[in-house]
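Trainee: Protein chains in written order, with the numbering used here: chain A, 232 to 347; chain B, 7 to 119.
Treat the hints as calculated values from the structure; they're not laboratory data.
Mixed in with the good hints, there may be bad ones.
[As the list claims (entries may be wrong)] Straight-line C-alpha distance at most 20 Å; calculated SDA-like pairs for lysine to any residue:
{"id": "1", "chain 1": "B", "residue 1": "K66", "chain 2": "A", "residue 2": "Y337"}
{"id": "2", "chain 1": "B", "residue 1": "K58", "chain 2": "A", "residue 2": "T335"}
{"id": "3", "chain 1": "A", "residue 1": "K242", "chain 2": "B", "residue 2": "G49"}
{"id": "4", "chain 1": "A", "residue 1": "K242", "chain 2": "A", "residue 2": "R295"}
These numbers were taken from a predicted model, which means no experiment stands behind them.
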Amino acid sequence: GAGVSQTPSNKVTEKGKYVELRCDPISGHTALYWYRQSLGQGPEFLIYFQGTGAADDSGLPNDRFFAVRPEGSVSTLKIQRTERGDSAVYLCASSLSTGGSTDTQYFGPGTRLTVL
Amino acid sequence: GNSVTQMEGPVTLSEEAFLTINCTYTATGYPSLFWYVQYPGEGLQLLLKATKADDKGSNKGFEATYRKETTSFHLEKGSVQVSDSAVYFCALSGSGGSYIPTFGRGTSLIVHP
C-alpha cells in the first residue's frame, strides 16, 4: 500500500495568512505525529494523535497552531496568522500501534512552508 | 530533559571507506534508540533501532550498538557506497515514560566515487 502522503508539497504564503497542511497516514495506523523541521535541525515534535484524540500536544509552540484528526485517519495541521518564523518543513509520521517507545514511525515527504 | 548529540557534518568519504557517525544521548531510564536516514528528496525512514542495553541494530550493512555505560549509539558501516549519501538522524524515545521521540540535528554524509 501507499506510504504516508502530505499535501501540498510546497506552500508559500504571506505573513498573517491562515494555512492548512494535510497528512494521509498509512491505512490502519492509529498513531499519527506532526513534527517541524527547520534547516539544519532534526524534527521537532509538535503533536501526537491516538485515534481521533490528541494524546499529547505539548510541542505546539503557541495557540496559533492547531491540529485535528476527526475520523482517526487524515489529519490537518492548521496555522493561524502565520509568521516568518513558521517557515519550515512540516513532517507527518504514522505508526501501527499505541505510540510505544519501540514503535517504528513511517514519515511522509513533508510540506515545505514559506512565509513571506 | 532528553537530548541527542550528533557529530557535525558534512562527513565526506570516498567509496569503500569506513564510516562512523557518533551519537550520544542524555535521558532518564532506558530509552529505545534509533537511526533514521533521509535520502535526497525523500522522507525520513527508519534505518535501525535498539531497544535495550548491549543490543545491536543492523540494516543494509549499517550497525549501531546501544552502550548504556557511555550513553552512545554510534553508527558504523564497513564500506560505504555513493548511494549511502544522505542525512542521518539519531533519535531516542521512551525516556521517563514519554514515547515522544527526540531527534539529533542530523549528520550529512557525502560519498565520492
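Trainee: For the pair we were handed, K58(B) and T335(A), check the Cα-Cα distance against 20 Å.
Mentor: With a Cα-Cα distance of about 15 Å, the restraint between K58(B) and T335(A) holds, given a limit of 20 Å.
Trainee: Are the Cα atoms of K242(A) and G49(B) separated by 20 Å or less?
Mentor: Distance ~17 Å between K242(A) and G49(B) Cα, so the pair holds.
Trainee: Do the alpha carbons of K66(B) and Y337(A) lie within 20 Å of each other, as the hint requires?
Mentor: With a Cα-Cα distance of about 18 Å, the restraint between K66(B) and Y337(A) holds, given a limit of 20 Å.
Trainee: Holds or violated: K242(A) and R295(A), Cα atoms, limit 20 Å.
Mentor: Distance ~17 Å between K242(A) and R295(A) Cα, so the pair holds.
In summary, the structure agrees with every hint in the numbered list given earlier.
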